[in-house]
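Undergrad: 514 is the number that the numbering used here gives to position 187 of the sequence shown; each next residue is one higher, with no gaps.
One thing to keep in mind: the hints can contain errors.
Claimed, not checked - Quick list of the computed label-pair ranges, beta carbon to beta carbon:
| hint | residue 1 | residue 2 | range |
| --- | --- | --- | --- |
| 1 | F427 | G347 | 22 to 32 Å |
| 2 | D349 | G454 | 55 to 65 Å |
| 3 | P537 | E404 | 46 to 56 Å |
| 4 | V403 | E526 | 23 to 33 Å |
| 5 | G429 | R461 | 15 to 25 Å |
| 6 | E453 | D337 | 19 to 29 Å |
| 7 | R410 | P554 | 39 to 49 Å |
| 8 | R461 | R394 | 44 to 54 Å |
| 9 | A409 | G454 | 47 to 57 Å |
Claimed, not checked - Derived pair list, reagent style EDC-like, types lysine to aspartate or glutamate, alpha-carbon separation capped at 20 Å:
| hint | residue 1 | residue 2 |
| --- | --- | --- |
| 10 | K376 | D418 |
| 11 | K376 | E526 |
| 12 | K376 | E571 |
| 13 | K335 | D363 |
| 14 | K472 | E448 |
| 15 | K335 | E388 |
| 16 | K472 | E511 |
| 17 | K419 | D373 |
| 18 | K402 | D373 |
| 19 | K491 | E459 |
| 20 | K367 | E501 |
| 21 | K472 | D488 |
| 22 | K367 | D418 |
| 23 | K479 | E459 |
| 24 | K335 | E389 |
| 25 | K534 | D488 |
| 26 | K402 | E388 |
| 27 | K367 | E350 |
| 28 | K376 | D349 |
| 29 | K491 | E553 |
| 30 | K402 | D570 |
| 31 | K345 | D363 |
| 32 | K479 | E490 |
| 33 | K335 | D349 |
| 34 | K419 | E438 |
| 35 | K402 | D418 |
| 36 | K534 | E517 |
| 37 | K367 | E388 |
| 38 | K402 | E389 |
Hints listed in this document are in silico derivations from the structure and should not be mistaken for laboratory results. Positions of the beta carbon are idealized from the N, C-alpha and C atoms, including for glycine.
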Amino acid sequence: MRCNDHVKFDWLLDRARKLGADELITGHYARVAFADGSYKLLRACDPAKDQSYFLHGLSQEELSMVRFPLGGLTKVEVRALARERCLPNADKAESMEVCFVGDTPLAAFLESHGVAAARGEIVDVEGRVLGEHRGVHRFTVGQRKGFGQGFKLPMYVAALDAEKQRVTVGTREEARRGVFSALEASWVSEPPRPGSQCEVQVRHRGKPLPARVEADGDRVQVTLLEPAVGVAPGQSAVFYRGDEVLGGGRIAI
């Protein structure tokens, strides 16, 4: 998300302008359309590869210049076109992890870059100690594995406290959240009307969740019509209306 905001569509787009380029073309799976006097950012035609979630920070000026030619194709079609042209990456394996981490496990990468491993408590939502862990950087809200066995019901990470090195876990019901805020919000065109309904996606592969939103400057109050697991502070909440990206912000609880 930050790479798109600060590198590809900030530094790189500025470089393209200085070179006198009229367009910046990337391989993102998303679409741009012009309708009713403004540019629309839309989901890709291939839902399995859609990357519009990562692009919600694009402005009207940026959308006027960027092009996403893969957005109307499926990944199968793209690979077929690459084979026809004998491109060496036609059958390159999919990369699903953080791009700069490579094959290194994420926790090991963080620890090699200054995040210290630290023992802490795993507690239930009432604060009762259930076990220990080796660092909150090994967990994310909504996670279902990695904190031991012996629970009668499936348990999920409900909250993280980095200062206290505490991981709170609970049942699915206890880990669900129905109301949260999104900060540093930006909108592709205009913010939705107060109290209007749309869908919100709280992670890239997450299911779009029906919600009511109240936008106040760069802060948005979000009420899910049905509470969900995995609403994690620091992640991006991206707002949609059907295939159209309305905007997004950083989740705060």
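Undergrad: Give a verdict on every hint.
TA: Now the hints, each set against the structure:
1. Distance hint check for F427 and G347: the Cβ-Cβ separation is about 30 Å, which falls inside the suggested range of 22 to 32 Å.
2. At about 59 Å, the beta-carbon gap between D349 and G454 stays in the expected band of 55 to 65 Å.
3. At about 31 Å, the CB distance of P537 to E404 disagrees with the hint of 46 to 56 Å.
4. Between V403 and E526, the C-beta spacing of about 27 Å keeps the proposed range 23 to 33 Å intact.
5. The hint said 15 to 25 Å for the Cβ distance between G429 and R461, and at roughly 22 Å that hint holds.
6. At roughly 45 Å, the beta-carbon separation of E453 and D337 lies outside the given 19 to 29 Å, and the hint is violated.
7. Between R410 and P554 the beta carbons are some 46 Å apart, a value that agrees with the proposed interval 39 to 49 Å.
8. Taking 44 to 54 Å as the suggested C-beta distance range, the pair R461 and R394 conforms, at roughly 45 Å.
9. The hinted window of 47 to 57 Å between A409 and G454 holds, with their beta carbons roughly 54 Å apart.
10. The straight-line distance between the Cα atoms of K376 and D418 is roughly 16 Å, inside the 20 Å bound, and the hint therefore holds.
11. The suggested pairing of K376 with E526 holds, with an alpha-carbon distance near 19 Å, which does not exceed 20 Å.
12. Only pairs whose Cα atoms come within 20 Å are accepted, and K376 paired with E571 is accepted, the gap being roughly 16 Å.
13. At roughly 27 Å between alpha-carbon atoms, K335 and D363 are farther apart than 20 Å, so this suggested pair is violated.
14. Proximity of K472 to E448 is assessed by CA-CA distance (about 16 Å); at most 20 Å being required, the pair is judged to hold.
15. Proximity of K335 to E388 is assessed by CA-CA distance (about 15 Å); at most 20 Å being required, the pair is judged to hold.
16. Annotation: proposed proximity of K472 to E511 is violated, straight-line Cα distance about 31 Å (limit 20 Å).
17. Distance hint between K419 and D373 is fulfilled; the C-alpha atoms sit about 18 Å from each other, no more than 20 Å.
18. Between the alpha carbons of K402 and D373 the distance comes to roughly 7 Å, so the proposed pair stays at or under 20 Å and holds.
19. Between K491 and E459 the CA atoms are separated by roughly 13 Å; this keeps the pair inside 20 Å, and the hint holds.
20. Distance restraint check for K367 and E501: the Cα-Cα separation of roughly 37 Å exceeds the 20 Å cut-off, and the hinted pair is therefore not satisfied.
21. For a cut-off of 20 Å, the pair hint linking K472 to D488 stands: about 18 Å separates their Cα positions.
22. For the proposed pair K367 and D418, the alpha carbon gap of about 32 Å is over 20 Å, so the pair is violated.
23. At roughly 18 Å between alpha-carbon atoms, K479 and E459 fall within 20 Å of each other, so this suggested pair holds.
24. With a CA separation close to 11 Å, the supplied pair K335 and E389 stays within the 20 Å bound.
25. Taken as a hint, the K534 and D488 pair is broken in the structure, with Cα atoms around 26 Å apart against an allowance of 20 Å.
26. For the hint pairing K402 with E388, the CA-to-CA distance comes to about 28 Å; that exceeds 20 Å, so the pair is violated.
27. Distance hint between K367 and E350 is fulfilled; the C-alpha atoms sit about 17 Å from each other, no more than 20 Å.
28. Proximity of K376 to D349 is assessed by CA-CA distance (about 27 Å); at most 20 Å being required, the pair is judged violated.
29. The hinted pair formed by K491 and E553 fails the criterion: a straight-line CA distance of about 31 Å is larger than 20 Å.
30. A C-alpha spacing of about 18 Å is found between K402 and D570, which places the hinted pair at or below 20 Å, so the restraint holds.
31. Distance restraint check for K345 and D363: the Cα-Cα separation of roughly 30 Å exceeds the 20 Å cut-off, and the hinted pair is therefore not satisfied.
32. Restraint check for K479 and E490: not satisfied, since their Cα atoms lie roughly 29 Å apart, outside the 20 Å limit.
33. A threshold of 20 Å between alpha carbons decides the hint, and for K335 with D349 the separation of about 16 Å falls inside it, so the pair holds.
34. In summary, the hint linking K419 to E438 is not supported, as the alpha carbons are separated by about 29 Å, beyond the 20 Å threshold.
35. Restraint check: the Cα-Cα separation between K402 and D418 comes to about 11 Å, which is no more than 20 Å; the hinted pair holds.
36. A distance of roughly 24 Å separates the Cα atoms of K534 and E517; the hinted pair therefore is violated under the 20 Å criterion.
37. Proposed proximity of K367 and E388 is supported: the alpha carbons are some 12 Å apart, at most 20 Å.
38. With a C-alpha separation of about 25 Å, the suggested pairing of K402 with E389 is violated against the 20 Å cut-off.
Hint compliance for this structure: hints 3, 6, 13, 16, 20, 22, 25, 26, 28, 29, 31, 32, 34, 36, 38 are not met, and every other hint is.
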